[in-house]
Structure formats: structure tokens, C-alpha cells
Amino acid sequence: MEGGYRAEKTQHKEQCAERLAAEDGSCDRETEFRYSDQAVLANLDWGIEALEEAIVTSNMETKLARLDYAEKMLQVCALLDSEQRTAGVPNFYLSAWARLNLSYLWKLRNSAENSALHALEMFIVDPFFSRIDFAPELWKDLFLPQMSSIVGWYSEARHRLVMKVIPDSSDLVIYC
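Per full-length UniProt numbering, the sequence shown starts with residue 1, numbered consecutively.
Incorrect hints may have been included.
Stated by the list, open to error - Here are the simulated lysine to aspartate or glutamate pairs, DMTMM-like style, with alpha carbons at most 20 Å apart:
hint, residue 1, residue 2
1, Lys-107, Glu-83
2, Lys-107, Glu-49
3, Lys-72, Glu-113
4, Lys-63, Asp-81
5, Lys-63, Glu-53
6, Lys-72, Glu-49
7, Lys-63, Glu-52
8, Lys-107, Glu-52
9, Lys-107, Glu-121
10, Lys-72, Glu-121
11, Lys-107, Asp-37
12, Lys-107, Asp-141
13, Lys-72, Glu-61
Hints listed in this document are in silico derivations from the structure and should not be mistaken for laboratory results.
Quick caveat, the model's predicted, so the values are computed rather than measured.
Could you build all of it, start to finish, from the sequences and the hints given here?
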């Protein structure tokens, strides 16, 4: 879990920075954020770092202390109002990211139920980025099989529309 988690953490951090730059409209421009926004982002970062420390330590007392600290820090972002923004980043994105890490945290605490609940909350809070950025494999395993009839309907409807717009489209390749 350690190597994969660390790579995902780095990737998620980079994606969040990219989203922040995209929301801001400029990567080069200096932007000042409210102290409260900085504190929320710091809590997320500290929570993720504490979780990583809990993963790598072999000392049980340290592991439990780091997990407790990580939970407190991650809860700050997990409970953000999803209609608002923090430092230009939509709160639903930050909340979903925090929920993913809380899911890892509860897995480390051997609570599969809480781990699953946080993973599901991640998909509820931000289905798009949870599917694309945070947990695409989990989405494929959990939700895609349930959507096979919708995918089939979509492919069929799309094909019919293309046939109406371009009647001689038999030689076109359509990707669904």
C-alpha cells in the first residue's frame, strides 16, 4: 500500500495544484488567499502527510497518534460546504480528496465499514473527479457493471443520431 499510496498522493497534489492554477487563470500570477483558505489547504496537506507517516512507521503508538491527527486534519476538508470554494478550488474537489484519504485511514484502522463509507462519500460529493482523478479503478469495479444497460443505450442512441446527421456514415469509425 505504501508505494502506491505515495505515488497517488503526489499525483493528487499535482492535480490539485493544476486545478488551482486553472481556476486562477494564470500559473505565473501571484495570488493571495484568505488565511482561512490557507488553513484549510494546510489541514488537508498535514492530514495526508500524517497518514503517510502512519503508513511507514512500525511503532504502533506513533501509528495510532498519526492516524488520530490525520483524521482531525482531513475532517476539516471532508466537511466543507460543497457549494463554496477554498483558495479558488471547488470544495467538492477538496472534500472528495479528503474522503479518499479518510477511507485509507479507516482501512489502516481495520474498519472496512468506515473505509467503504468514506469511499462512497467521495463518489457522492464529487462523482466526476472521483471517477477521473481519485479512484478510477474503484469506480470501474463498483459502478461500471451496474451501468452496462445505460452504456448500451447511450451507444445505440449515439449511433442513431450519427446516422441521421451523416446518412452515409457506414465507413466512419465511432468511438463510444
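Checking against the hints above, which ones are violated? 1, 4, 11
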